[in-house]
Amino acid sequence: EAQVTQNPRYLITVTGKKLTVTCSQNMNHEYMSWYRQDPGLGLRQIYYSMNVEVTDKGDVPEGYKVSRKEKRNFPLILESPSPNQTSLYFCASSPVNYNEQFFGPGTRLTVL
Amino acid sequence: TQLLEQSPQFLSIQEGENLTVYCNSSSVFSSLQWYRQEPGEGPVLLVTVVTGGEVKKLKRLTFQFGDARKDSSLHITAAQPGDTGLYLCAGETSNYQLIWGAGTKLIIKP
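Protein chains in written order, with our numbering: chain A, 487 to 598; chain B, 6 to 115.
Mixed in with the good hints there might be a few duds.
[As the list claims (entries may be wrong)] Residues on chain A that point at chain B, a partial pick, calculated with CB under 7 Å:
id	residue
1	N493
2	P494
3	Y496
4	Y517
5	Y584
6	G590
[Unchecked claim] Sample of chain B residues with no beta-carbon within 12 Å of chain A, all distances over it, derived:
id	residue
7	Y27
8	G57
9	R65
10	T82
11	G106
[What the hints assert, rightly or not] Subject to a maximum C-alpha distance of 25 Å in a straight line, what follows is the list of computed DMTMM-like cross-link-like pairs (lysine to aspartate or glutamate):
id	chain 1	residue 1	chain 2	residue 2
12	B	K64	A	E586
13	B	K114	B	E20
14	A	K543	B	E10
15	A	K504	A	E539
16	B	K61	A	D545
17	B	K75	A	D545
18	A	K543	B	E59
19	A	K504	A	E487
20	A	K551	A	D524
21	B	K62	A	E586
22	A	K555	A	D524
23	B	K110	A	E565
24	B	K114	B	E59
25	A	K555	A	E539
26	B	K110	A	E516
27	B	K110	A	E539
28	B	K62	B	E20
29	B	K64	B	D88
30	B	K75	A	E565
31	A	K543	A	E565
32	A	K551	B	E10
33	A	K557	B	D72
34	A	K543	A	E487
35	B	K62	B	D72
36	A	K557	A	E516
37	B	K110	B	E46
38	A	K503	A	E586
39	B	K114	B	D88
40	A	K543	A	D524
Derived by calculation from the structure, the hints in this document are not laboratory data. Ideal placement from N, C-alpha and C gives every residue a C-beta, glycine not left out.
With the sequences and hints as input, model every part of the structure.
Right under this line is the structure:
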């Protein structure tokens, strides 16, 4: 089944404790991205990747890191999480950046 | 900065009623996508409109792209509880980026 998977689905952590949210797609898509979704603000792009070893900042990259060492994986790293990073996070993939986006199920992160 | 404004932000209606949600911008888009997001899930693409004036139908949902490709509407006829969700529009810009609207949260009451 073609899909984007994210782990964990739910995470409660404390300020400053490094964490990684994994994302994997099995559709051989070139393009992958991370979004955060907050009430009233819609989807805001954090980082995106056009291909392996190519990553770029989106609209709200501060406090986040990503890597794209393999085509299928695109982990999101929070080196020192803060409460303002409490949000619902989505990973998405697509054949190209402006085509249909295939979203993962989301990761709800709470930073205390 | 290109913006996509969706209206209304929230809509709660009874089953069987009709409704229209809007996606507006002052910018021209190459295409426009509509997604539906159900609670606990990621958004799923419903339709992509490409040509100015284009109308696409998906069962009881009718999507229209404005003639000038700056706006789009989603009309639902005889809404059902299964239509409940967050509806998002996303526009493809001239430099091949996607711009997202903030969404319309729709609740259909039985």
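Hints the structure fails to honour: Hints 1, 2, 3, 4, 11, 16, 18, 19, 22, 23, 24, 26, 27, 30, 32, 33, 34, 38 are the ones this structure does not satisfy, whereas the remaining hints hold.
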